[in-house]
Structure formats: structure tokens, C-alpha cells
Amino acid sequence: MIAAHLPALQVVVPLVAAPLCLLLRRGGLAWALALAASWAAFAIAALLLQQVLSTGPISYQLGGWAPPWGIEYRIDVVNGFVLLIVAAIGAVVLPYARVSVAHELPEDQQATFYTALMLCLTGLLGVTITGDAFNLFVFLEISSLSSYVLIALGRDRRALTAAFQYLVMGTIGATFIVIGVGLLYMVTGTLNMLDLAERLPPMAESRTVLAAFAFLTVGTGLKLALFPLHFWLPNAYAYAPSVVTAFLAATATKVSIYMLLRFFFTVFGTADSLDLATLENLLIPLGVAAILVCSTVAIFQTDVKRMLAYSSVAQVGYMVLGIGFASTAGLTAAIVHLFNHAMTKGGLFLALGCMALRLGSVQIESLAGLGRRMPLTMFAFVLGGFSLIGVPLTAGFISKWVLVQAALERGNWLVVAVILVGSLLAAVYVWRVIEVAYFRPGARDDAGEGIAEAPLSMLIPTWILIGASIYFGIHTSLTLGVAERAARFLLGGGA
Amino acid sequence: MQRHFVLRVTTKLLMPFILLFALYVQFHGDFGPGGGFQAGVIFGAGFILYALVYGIESARRVAPAGALRVLISAGLLLYIGVGYAGLALGASFLDYNVLSAPAPKGQHLGIFLVELGVGVTVAATMVTVFFNFAGRGRD
Numbered sequence: 002m003i004a005a006h007l008p009a010l011q012v013v014v015p016l017v018a019a020p021l022c023l024l025l026r027r028g029g030l031a032w033a034l035a036l037a038a039s040w041a042a043f044a045i046a047a048l049l050l051q052q053v054l055s056t057g058p059i060s061y062q063l064g065g066w067a068p069p070w071g072i073e074y075r076i077d078v079v080n081g082f083v084l085l086i087v088a089a090i091g092a093v094v095l096p097y098a099r100v101s102v103a104h105e106l107p108e109d110q111q112a113t114f115y116t117a118l119m120l121c122l123t124g125l126l127g128v129t130i131t132g133d134a135f136n137l138f139v140f141l142e143i144s145s146l147s148s149y150v151l152i153a154l155g156r157d158r159r160a161l162t163a164a165f166q167y168l169v170m171g172t173i174g175a176t177f178i179v180i181g182v183g184l185l186y187m188v189t190g191t192l193n194m195l196d197l198a199e200r201l202p203p204m205a206e207s208r209t210v211l212a213a214f215a216f217l218t219v220g221t222g223l224k225l226a227l228f229p230l231h232f233w234l235p236n237a238y239a240y241a242p243s244v245v246t247a248f249l250a251a252t253a254t255k256v257s258i259y260m261l262l263r264f265f266f267t268v269f270g271t272a273d274s275l276d277l278a279t280l281e282n283l284l285i286p287l288g289v290a291a292i293l294v295c296s297t298v299a300i301f302q303t304d305v306k307r308m309l310a311y312s313s314v315a316q317v318g319y320m321v322l323g324i325g326f327a328s329t330a331g332l333t334a335a336i337v338h339l340f341n342h343a344m345t346k347g348g349l350f351l352a353l354g355c356m357a358l359r360l361g362s363v364q365i366e367s368l369a370g371l372g373r374r375m376p377l378t379m380f381a382f383v384l385g386g387f388s389l390i391g392v393p394l395t396a397g398f399i400s401k402w403v404l405v406q407a408a409l410e411r412g413n414w415l416v417v418a419v420i421l422v423g424s425l426l427a428a429v430y431v432w433r434v435i436e437v438a439y440f441r442p443g444a445r446d447d448a449g450e451g452i453a454e455a456p457l458s459m460l461i462p463t464w465i466l467i468g469a470s471i472y473f474g475i476h477t478s479l480t481l482g483v484a485e486r487a488a489r490f491l492l493g494g495g496a
Numbered sequence: 013m014q015r016h017f018v019l020r021v022t023t024k025l026l027m028p029f030i031l032l033f034a035l036y037v038q039f040h041g042d043f044g045p046g047g048g049f050q051a052g053v054i055f056g057a058g059f060i061l062y063a064l065v066y067g068i069e070s071a072r073r074v075a076p077a078g079a080l081r082v083l084i085s086a087g088l089l090l091y092i093g094v095g096y097a098g099l100a101l102g103a104s105f106l107d108y109n110v111l112s113a114p115a116p117k118g119q120h121l122g123i124f125l126v127e128l129g130v131g132v133t134v135a136a137t138m139v140t141v142f143f144n145f146a147g148r149g150r151d
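Same order as they appear, the protein sequences are chains P and L. The opening position of the first sequence corresponds to residue 2 in the numbering used here, with each subsequent residue numbered one higher. The opening position of the second sequence corresponds to residue 13 in the numbering used here, with each subsequent residue numbered one higher.
In short, the hints are calculated from the structure, not lab data. For each residue, glycine too, the CB sits at the ideal point set by N, CA and C. Possibly wrong hints are sitting among the right ones.
[What the hints assert, rightly or not] Facing chain L, according to a computed beta carbon distance under 7 Å, are these residues of chain P, among others: (1) ALA9; (2) VAL17; (3) GLY65; (4) PRO69.
When you get a sec, could you build the whole thing from the sequences and use the hints?
This is the structure:
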């Protein structure tokens, strides 16, 4: 009986944990509850994906109202996969959170922190699972509002301005999305995505539909930090608490990429007016610019967290390139990179959180000699860095390999060159950290002696994600196989 | 505001009507314009008016931060609880039909409880937000 209600539980289990965390008041208890909820969400996501892979899309009617009128939760290969990514990151980050949050936040804010984290998880899962365009906006706001709170909880006072900047940009993005959805509702009279896809083709030439398309693209672009709309991201990631940075970096932009895929290929996919060539002209230059500009900017950062934040914008560039090609290979690359980058960047930010716990700062200078003092953390960072560069046998290599294939399929040698240059730039910024950590002697006299390895509760989650980014670089059948099915499904070939 | 006699008396006179009107908007919301959100805002506005005129300390005595915190969670939990009740009775999440027979009665009960949850959470949140802003720098 429960099995039939898994789609609702996927969202509602973390949702019910949020107010309970607030009631518990004690940080430790709230943590335990949030941990249980996130693991339950992960188990549900795994079951759902398994069910989708074996029997096809699942539809769930909320409140018993039939789809075009009521809210429908619809899970297919694409969002089943994204749900698994989000829930997995949540399940890995929470065990890590206890020590890190206790270190970075005062006791009286911890219960609130877990409340906001659970709401954020609810929102992200909700955006992914829903088949209703307006419901998507509601969940988007839940996840956004809670992530502003989470970012503002950072120790540095600049976290407040960063959160405010994100709030302004995020609200503009969300407003654009709701305007887009409103315009679509105006012309079609429906909010269900599948219903929209059916009703849009005859009126695809209408200016209202084109305006809706533009609003949705720009709004989603703001949310996913599409170059040049990424200015909120580096500050937000740099000043947020370590756990929040790892969680958001691995999930929030990924869910936005999924939204872009959903709007482009499910809602507008059937409309002929959406010329795929236009998509290519718009997204590929932006993706290329993101990779080149942001990778270069990352090289000049002195704060490692900020450096990785810029690198995230560049990595979003790779995914956008894949979407821009609008071919099976391109979408496969985008979706598989969604997974691989979530593992890699999540792992890297968790490793940084371990360093922040022991050092108090992640300025590149303070990492001197860390290779000897925190060997496990630093080695995790190195492996994650390799995956970011795209060294063979890491997950990053797989995504770039598929992306290069997609570019070659189109005969676009320029993009191939850009991907290679992007990898070289990544090698430069990763190497800067490695050099300081391994080849520069640490300042032995200034209290550096006491720096020891991070506790196991933080090391194990870090290594799970880093391990995943190596494992899925070798065993690609799971990730690449599902990504390819998802890509075919989006392009209308069926799963 | 100690010396603004007119304001103090008028506020005291208006308070019961504001709160009663909020309850009217809450419970008549199923038949006319209104509902949980609007009612919560009006109810919260009553407290805020009281705090503006009689000082934030006296308002806090009526609505302590701890109680507000509980109310914020309780409202949301009531909403989710109705959803889970649908699940427990073998229908889908938030299906009101199964809450009580016949189905229209169930629908009525469901929307009533859900809106009540919304009202409680909104009122408590409004007051909390006001207290936090107005109380800045005092404690």
C-alpha cells in the first residue's frame, strides 16, 4: 500500500521533519530527526527510480484529483534520476552536518538550521517530482527562501549581503518563471506539463507563447547561474556554512538545470516554433563563455571556497553546452554531468568543510603544509580536483568524453577546443591548491602544530562522494545508461 | 505612547473586533471570500497594533516567543497531518473525501482543518517577524 504513495512521501517526509525540528529546539535531536528524514527520502528516491526503470513513468494524483485539473506528480527516467541525486546528496551531507554545524553555528540556531535544511530539501525534491508548472514554482520558492536563510547563517557577516544579493536575483528569477507560467496558462488554460505540451503546438507561433518561453528561459537561467547571470553565486557559496555550500552546490543548480531540460524538451519540445538551431545559437556561446571566463576567474581567487564556486559556474557551462546541442549525445552529456558534478563538487566542498573545521579559514595561504597534517582530507580534495579537471578514470572524464563526442557529432571543433582549454584551466586552479598544500612547508610555530585530521563523521561522507566520483568514472553503465535513456526520453523517443 | 490616551482607548476598543473579524474570515472562508492566509494576517495585525500602542513588552507577555514557535510548527503540522490522514485511510495524500462520509462532508472537514493550520501558522509567523524586527537592539 505504501509503495503506491511513494511519490507523495518523497516530498512529505522531509516536509514533516521541518516543523518537528523547530519544535525539538535542541540541535542534536533536530539533527537526528533530519538525518532519519533524509535517509528515508534517499530510500524512497532509490525505490522510485527502480520502479520507473522497470515499469515506466509513474503518475500520482494529489488529493485524488485527476491530472489536468489536479496536481500531478509525475516521475520518469529524467526526474527519477535527478531525485536520486538530490536525495543522495542530502543523505550524505546530513551525517557530516552534526560536527560541522556544531562548530560553525551557535547552539540556539542549530534547530532552525535543520528546519531550513529540511525545507530546502523538500523544495528541491518537489520541484523535481512535480508535473504541474505552478506547483513547480511553489516548490521553487520553498527551496529558494530556505536557501537564503541557510546562506545568511554563515559565520562571516558578509554572508548577510551575499544572501540578500541572492534573494534579489533569485526573486527576479522566480518572478520571471511565474510570469512565464502565467502566460502559458493564459493561452492554454492548463498548468499540467503534459497537457501544456499537447496544447502548445497549434499556438506555437503566438507571441504570448514566445514571450513565455523567453521569461522561463531567463528566469531559469538566473536560478542555475547561467553565465552572465551568475553574479550571486560566488558570494553565496563562499560565505554560507560549509554544509550548506556542499548541499546547494551539489543540488540547487542541478535541479535548475533539470527545470531547463523539462521546459525546453517536455513543455516546449513538441512545438515546432522552438527551433533547435536557435537554442544552439543562444546556449552554446553562453556555455563557452562560462567555461572560459569563470575558469580563468577561478584561477585568481585567494579563497578556495570562492574558487570552487567560480568553477561551479564553469561546470554549469558544460551542462548548458550539452543542452545546446539538443541531440541525444548532448543531453546525455548534460545529464551525466549533472550526476558526476554533484558527486565531485559535493565531495570537494565537504573536504573544504573539514579544512574549515580545523583551520578556521580556507584562504589558500592557510593551507600550507596541509598535505602532511590532514592527509586524508587533502587527498580527497586532490582526487576531487582530478575529477573536476577530467583526468581519465574519474567521473569528470566521462562527462567530458561524452560532451566531446556530442560536439564532434555536430562537427563543432571550436567547442572541442574550448572543452580542452577548460580542462587545462581547471588543472591550473586545482594545481595551485595542491602546490600550497603539499610543496610549501607549513608555518610550524604558529599554533599549527595542533591541526589534526578531521573527525570520521566528516571524513566518511567526504570520501563517499569522492569515492563515487571515482567509482562512476570506472563503472559507467549505471550513470551513463540512465542518462542516455533520459536523453532519449526527453527527445521523444520513449524510454 | 503612554500619553496618547485616545489611541490607547481606541486600540482596546478595536481589539476584540479585529480578532473576531479574523475568526470570521477564517471560518466563513469556505463559503465566501477569505481563508486561512487572510485570517492569519488580520489576527497577526491585531497583535501588531497592540504592540505598537502598548509597547512590545506587553505584547510579548501575551504571545511569548516560545509559544509562537510552537504555533508556527503546529499549524504546518496540522496541514501535513490532514494529508497523512488521507494516506492512513487508504486514499492519496490530501484526499479529503475519505475523512468523513459522505464525501462532501469530508471535503468540508479537510479544507476547514487545512485552512485552520494555514491561519495559525500565518498569524504566528506575522507576529514573530514583527517582534524580531521591532525588538532589534533591545535585547
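GLY65(P) as chain L interface residue, shortest Cβ-Cβ below 7 Å: The hint holds - GLY65(P) has a Cβ within 7 Å of chain L, the shortest such distance being about 4 Å.
Is the interface hint for ALA9(P) satisfied, with its Cβ closer than 7 Å to some Cβ of chain L? Hint on ALA9(P): holds, closest Cβ of chain L at ~4 Å, below 7 Å.
Using Cβ atoms only, decide whether VAL17(P) comes closer than 7 Å to chain L, and label the hint accordingly. Where the cut-off is 7 Å and the nearest Cβ of chain L is about 5 Å from VAL17(P), the hint holds.
Holds or violated: is there a CB of chain L closer than 7 Å to the CB of PRO69(P)? Hint on PRO69(P): violated, closest Cβ of chain L at ~16 Å, above 7 Å.
Of the numbered hints given earlier, the model fails hint 4 alone.
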